[in-house]
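Undergrad: Now for the letters of each chain:
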Amino acid sequence: MLAAIRPDNQSFALLLHLVGATVAFGAFLASASFLVLARGDTRLLRLGYYSLLLVAVPGLILLRLAGEWLYRLQNWNKLPDQFDEPTWLQIGFIVADWGALLLLVALTVGGIGVYRMRTGKGGAGLLRGTMVSALVLIVAYAVAVWAMTGKPS
Amino acid sequence: MSFEDWIFSLHLLMAATLVGSLVMSWIVIVALRSAGTPEATLNLHRVAMVGTAATWVGLVGAITFGIWLAILRDAFQVWDGWVIAALILWAIATVALQRSFTEYAKPVKQARALERGAQSDERVDFIALNRTSAGLLLRALASLAVVLIVVDMIWKPGA
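Here the protein sequences line up with chains U and X, keeping their order.
Under our numbering, the residue at position 86 of the first sequence is numbered 86, and the numbers go up by one with no gaps.
Under our numbering, the residue at position 39 of the second sequence is numbered 39, and the numbers go up by one with no gaps.
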């Protein structure tokens, strides 16, 4: 029952949006699990970082582009100024855009951590910051799924 | 939000958990392909366990809330063709995942036995064990079934 009945021309954009979202969500889940369970294992710490870089980033780009396509297909961009966008849509934008910013920070901090690990100067502490960001993103995406499907208000 | 909206939302949350956990499992499978020691195998198994738990939560949650929703919504019936197709695909995905988990548990069992100090006459090739083609094919089959469920749910053929 994934989605309510909608015009057929929106289905492919919705599929791409969902694929992007679930790829990003899976990458956050993998990254957080690698980093939480690493217990100092540098291989797992690196895998936690590269899950974000190589899987979450493409997923997030697909989610955002397909979301924008869907936004235009549903004519939300033509909403008259006197009307506010619905809350569920605002939550979706907040999670996608601020989530992307948080991901960028997590990748920068984690990238420094991975570099320091490679040069033998520690770095595990910095990857803890990446781990916290991945956990925050998991919660944020769960909230976004609830908001965009339940459509409160 | 109505009660029906909550069930719909929980159904989708469970579906997202299922697909997300499959994405995670593919990351672990790729990592396992270069795990050549008992220690590396067991370390990755710790992470794989999180994905396995999330997969089961997603499988059970998505089907439970999905059937509940089909009963609640007047527009859908459990015997609609696209709902039956989703149920069959769900069953295929569940069986394939269960068998795939069993395949990937074999190197873990060997690694645990070696950790306990069990003697083996021959050297265990963990790279070969972790690259199980049966496990990989079953996981690919399950992933394909889940993708087809998503396509079926979006297009709802015949609805």
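It should be emphasised that the hints constitute simulated quantities derived from the structure, not laboratory data.
Treat each hint with caution, since some may be false.
[Stated by the list, open to error] Which chain U residues face chain X? A few, computed with CB under 8 Å, are given here:
| no. | residue |
| --- | --- |
| 1 | 26 |
| 2 | 44 |
| 3 | 91 |
Predicted model, so just to flag it, every value in this text is computed and none were measured.
Backbone N, C-alpha and C define an ideal beta-carbon position, used for all residues, glycine too.
Undergrad: Double-check residue 26 of chain U for me: the hint is only fine if its C-beta lies closer than 8 Å to a C-beta in chain X.
TA: holds, 3 Å
Undergrad: Would you check whether residue 91 of chain U satisfies its interface hint, that is, whether its CB is within less than 8 Å of any CB in chain X?
TA: violated, 12 Å
Undergrad: Is the shortest C-beta separation between residue 44 of chain U and chain X less than 8 Å?
TA: Given a least distance of 6 Å, the restraint on residue 44 of chain U holds.
Of the numbered hints listed earlier, the single one contradicted by the structure is hint 3.
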